[in-house]
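Engineer: Residue-level listing of the chains:
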Amino acid sequence: MDSVVHEAEGDFGPRDWAQHPPFLSPLYKSTVLRSPSKPLIPMKQCLSVRTGPVFGHDSLDPLDDDLTRNGRVNGEPVGERIIVTGRVLDESGRPVPHTLLEIWQANACGRYVHRGDQHDAPLDPNFFGAGRCMTDADGRYRFTTVKPGAYPWGNHHNAWRPAHIHFSLFGPSFLTRLVTQMYFPGDPLLPLDPIYNGVPEGARELLVSRFAIEVTEPLWALGYEFDIVLRGRQATPMEG
Amino acid sequence: MSQTLKQTPSQTVGPYFAYAWTPERYGRRPLATNRLAADLLSAGGPPGEPIRIEGIVRDGEGAPIRDCVVEIWQARTDGTHAPGAAGFGRCGTDDQGRYAFDTVKPGTCGDDHAPHIAVTVFARGMLSHVFTRLHFSDEAAANAEDPVLATVPADRRDTLIARRGETPGSVVYRFDIRLQGEGETVFFDC
Ligand SMILES: [Fe+3]
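Listed in order, the protein sequences are those of chains V and E. Sequential numbering from 1 applies to the first sequence in our numbering. Sequential numbering from 1 applies to the second sequence in our numbering.
Hint data in this document are derived by calculation from the structure and do not stem from the laboratory. We put the beta carbon where it would ideally sit given N, CA and C, even for glycine. Hints are supplied without guarantee of correctness; some may be wrong.
Claimed, not checked - Quick list of simulated restraints, FRET-style, between CB atoms: (1) 62(E) - 116(V): 17 to 25 Å; (2) 5(E) - 219(V): 46 to 54 Å; (3) 182(E) - 197(V): 29 to 37 Å; (4) 181(E) - 191(V): 29 to 37 Å; (5) 181(E) - 211(V): 40 to 48 Å; (6) 216(V) - 150(E): 36 to 44 Å; (7) 93(V) - 169(E): 50 to 58 Å; (8) 189(V) - 169(E): 51 to 59 Å; (9) 150(E) - 18(V): 44 to 52 Å; (10) 62(E) - 125(V): 36 to 44 Å.
Generate the whole structure from the sequences, applying the supplied hints.
Structural biologist: Structure (structure tokens):
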């Protein structure tokens, strides 16, 4: 598990800016003052970014991957129970094993536990809304949770975020770090959402999970599948 | 190795990451904190100089950003990275946009780079995160030879230099981050 092992395997390919949203995306108003105005400066990858933190199972608590249980006080959380699973892969399709994922989400009513969330929808005393898990040797992760609700926000008149789950991933390097959001198929709010639409057309569709009857557990929970692709190693490893 | 899959697009952390990323205030165990020194020292290797890094994250108008997270990744004092996650830190900004890390000053990294810390910044309003690099003001000679600083226009280099200050019993480096506008921090594509 020594991070130095990763380093020997060479550089990571670049961030693919045809896939990622630009910093400035004026329809999402908060980007206007929070987007760098000067171009990024290309940087050769050195040891300090080709390596990255490696988390182990000691970072996890037993119920971290089950959001229907890790916030319980006196009963089941309210909402449509779902299983969210998928694989974390690199760009060449290789699994990213034993890497940590963090998720957070609103409850079934569209309300976050966060002290800053003033949306007038009920908090669920049995739902906290945050979880973690590790991918297995095949890059697969799995969470049990409830389907989050849509919620209003102040970006523009009658703005509502489509239902989504926030994902945070590490991968093998500080460079493979990714924070994203997973959406649900057929959500009518998606075409209206400036955050989703900030991603280039043709790429944003990768953020929509797939309803998966084969993941669905009879009499228990609906299944959704969401694969995540991180930056991979460059085709030709660099010397030294 | 051919690149057959497309990278999953980035999205903003939004305003409500705190209970997942800095959940101490909700009575939950955090994955990582802004107190790195103990883990780095117990990870083996020679002890280093304990330091504090602090600063304010500001937007294009100079206003502090309170829904922002700074993550760092650094070597130990001997320039090697600890196995595991020692050397990784995470800090959410407070209502005044302030962040801080209690850590150990890193040494010269394996290659010919001056001592530095890799930094990423996430915030509501940032659809993709940014990378930057913290260098130390008391390493002028090494900074002058640093291959990354050399690629940065001279008039912007000081945005990457944390200023050393000493008070009785502590060493504090000041590293403000400006996302946009006057004194905009240099961000890297790497
Ligand atoms: Fe959200």
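Engineer: Looking only at beta-carbon atoms, does the pair residue 62(E), residue 125(V) fall within the given range of 36 to 44 Å?
Structural biologist: 41 Å, holds
Engineer: Okay, residue 62(E) versus residue 116(V) on CB: inside 17 to 25 Å?
Structural biologist: 22 Å, holds
Engineer: Given a hint of 40 to 48 Å, does the C-beta separation of residue 181(E) and residue 211(V) actually sit inside it?
Structural biologist: Since residue 181(E) and residue 211(V) have Cβ atoms about 44 Å apart, the given range 40 to 48 Å holds.
Engineer: Residue 150(E) and residue 18(V), beta-carbon distance inside 44 to 52 Å?
Structural biologist: At 29 Å between Cβs, range violated.
Engineer: Is the gap between the beta carbons of residue 189(V) and residue 169(E) within 51 to 59 Å?
Structural biologist: 54 Å, holds
Engineer: Determine whether the Cβ-Cβ distance between residue 5(E) and residue 219(V) falls within the hinted range of 46 to 54 Å.
Structural biologist: 35 Å, violated
Engineer: Note whether the CB distance of residue 182(E) and residue 197(V) lies within 29 to 37 Å or breaks it.
Structural biologist: Since the Cβ atoms of residue 182(E) and residue 197(V) sit about 30 Å apart, the hinted range of 29 to 37 Å holds.
Engineer: Return holds or violated for the Cβ distance of residue 216(V) and residue 150(E) against the range 36 to 44 Å.
Structural biologist: Roughly 56 Å apart at Cβ, these two residues miss the hinted range, so it is violated.
Engineer: Please test the hint of 50 to 58 Å on the beta carbon pair from residue 93(V) and residue 169(E).
Structural biologist: 53 Å, holds
Engineer: Range first: 29 to 37 Å. Now tell me if the beta carbons of residue 181(E) and residue 191(V) are that far apart.
Structural biologist: 33 Å, holds
Of the numbered hints listed earlier, those contradicted by the structure are 2, 6, 9.
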